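Novice: Construct the complete structure from the given sequences, taking the supplied hints into account.
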Amino acid sequence: MQKLTNKEEEIMHILWKLEKAFVKDVLAEIKNDKPHYNTLSTIIRNLEEKGYVSYNAYGKTHQYFPVVSKESYKERFMNTAIESYFNNSYKNVVSFFAKEEKISVDE
Numbered sequence: 000m001q002k003l004t005n006k007e008e009e010i011m012h013i014l015w016k017l018e019k020a021f022v023k024d025v026l027a028e029i030k031n032d033k034p035h036y037n038t039l040s041t042i043i044r045n046l047e048e049k050g051y052v053s054y055n056a057y058g059k060t061h062q063y064f065p066v067v068s069k070e071s072y073k074e075r076f077m078n079t080a081i082e083s084y085f086n087n088s089y090k091n092v093v094s095f096f097a098k099e100e101k102i103s104v105d106e
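Residue numbers for the sequence shown follow numbering that gives the first Met the number 0, beginning at 0 and rising by one.
A portion of the hints provided could be inaccurate.
Claimed, not checked - Quick list of in silico lysine-lysine cross-link-like pairs, DSS-like style, CA-CA up to 30 angstroms:
id : residue 1 : residue 2
1  : K73       : K23
2  : K69       : K16
3  : K23       : K98
4  : K59       : K90
5  : K98       : K59
Said to hold, decoys possible - Distance windows between CB atoms, simulated:
id : residue 1 : residue 2 : range
6  : K59       : I81       : 35 to 45 angstroms
7  : Q62       : N31       : 31 to 41 angstroms
8  : K98       : H35       : 41 to 51 angstroms
9  : V93       : N31       : 29 to 39 angstroms
10 : Y54       : T4        : 35 to 45 angstroms
11 : N55       : K98       : 31 to 41 angstroms
By construction, these hints were calculated from the structure, which means they are not laboratory data.
Given the structure is predicted, the values throughout are model-derived calculations rather than measurements.
Ideal Cβ positions, reconstructed from N, Cα and C, are used throughout, including at glycine.
Specialist: Quick look at the structure:
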């Protein structure tokens with residue numbers, strides 16, 4: 000599974016939410032810094048090439064849908080982060096969040 004850019008990840012969150020969508024539907028969901036339609040279309044095609052989305056064709060129009068689940072992506076992302084930043088130690092993860100005061104002793 001290839002790493003996604005921030006914009007690709009943003010688009011995937013939209014596709015996970017909508018489940019299936021045309022480019023115009025995705026564009027309507029973007030809150031800030033809306034890309035041009037053609038730019039968004041290219042980003043979605045890149046996601047398809049990376050194996051994250053597929054589509055149903057309706058003439059010249061494509062309706063895209065995720066083929067990688069949010070849970071699968073989250074698991075891969077977290078495993079990579081834990082491996083890369085915390086020496087594959089969940090204890091180090093918990094210690095990090097405790098130091099950052101993002102988790103209490105009770106939690």
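Novice: Please verify whether K69 and K16 have alpha carbons no more than 30 angstroms apart.
Specialist: holds (10 angstroms)
Novice: Is the gap between the beta carbons of Y54 and T4 within 35 to 45 angstroms?
Specialist: Violated, since Y54 and T4 (Cβ atoms, about 20 angstroms apart) do not stay within the stated range.
Novice: Does K59 lie within 30 angstroms of K98 when you go C-alpha to C-alpha?
Specialist: violated (53 angstroms)
Novice: Is the hinted range of 35 to 45 angstroms satisfied by the C-beta distance from K59 to I81?
Specialist: With a Cβ separation near 44 angstroms, K59 and I81 satisfy 35 to 45 angstroms, so the hint holds.
Novice: Lying within 31 to 41 angstroms: is that true of the beta-carbon distance N55 to K98?
Specialist: violated (48 angstroms)
Novice: Measuring from beta carbon to beta carbon, are K98 and H35 in 41 to 51 angstroms?
Specialist: holds (43 angstroms)
Novice: I want to verify a distance hint. Is the separation of the beta carbons of Q62 and N31 within 31 to 41 angstroms?
Specialist: For N31 against Q62, whose Cβ atoms are near 25 angstroms apart, the range 31 to 41 angstroms is violated.
Novice: Is the gap between the beta carbons of V93 and N31 within 29 to 39 angstroms?
Specialist: Once the Cβ atoms are compared, 33 angstroms apart, the range 29 to 39 angstroms for N31 and V93 holds.
Novice: Between K73 and K23, is the straight-line Cα distance small enough, at 30 angstroms or below?
Specialist: Roughly 26 angstroms separates the two Cα atoms, so the pair holds.
Novice: Below or equal to 30 angstroms on CA atoms is what counts here, so check K23 against K98.
Specialist: violated (43 angstroms)
Novice: Is the straight-line distance between the alpha-carbon of K59 and that of K90 30 angstroms or less?
Specialist: Since the Cα atoms of K59 and K90 sit roughly 52 angstroms apart, the hinted pair is violated (cutoff 30 angstroms).
Hints 3, 4, 5, 7, 10 and 11 from the earlier list are contradicted by this structure; the remaining hints agree with it.
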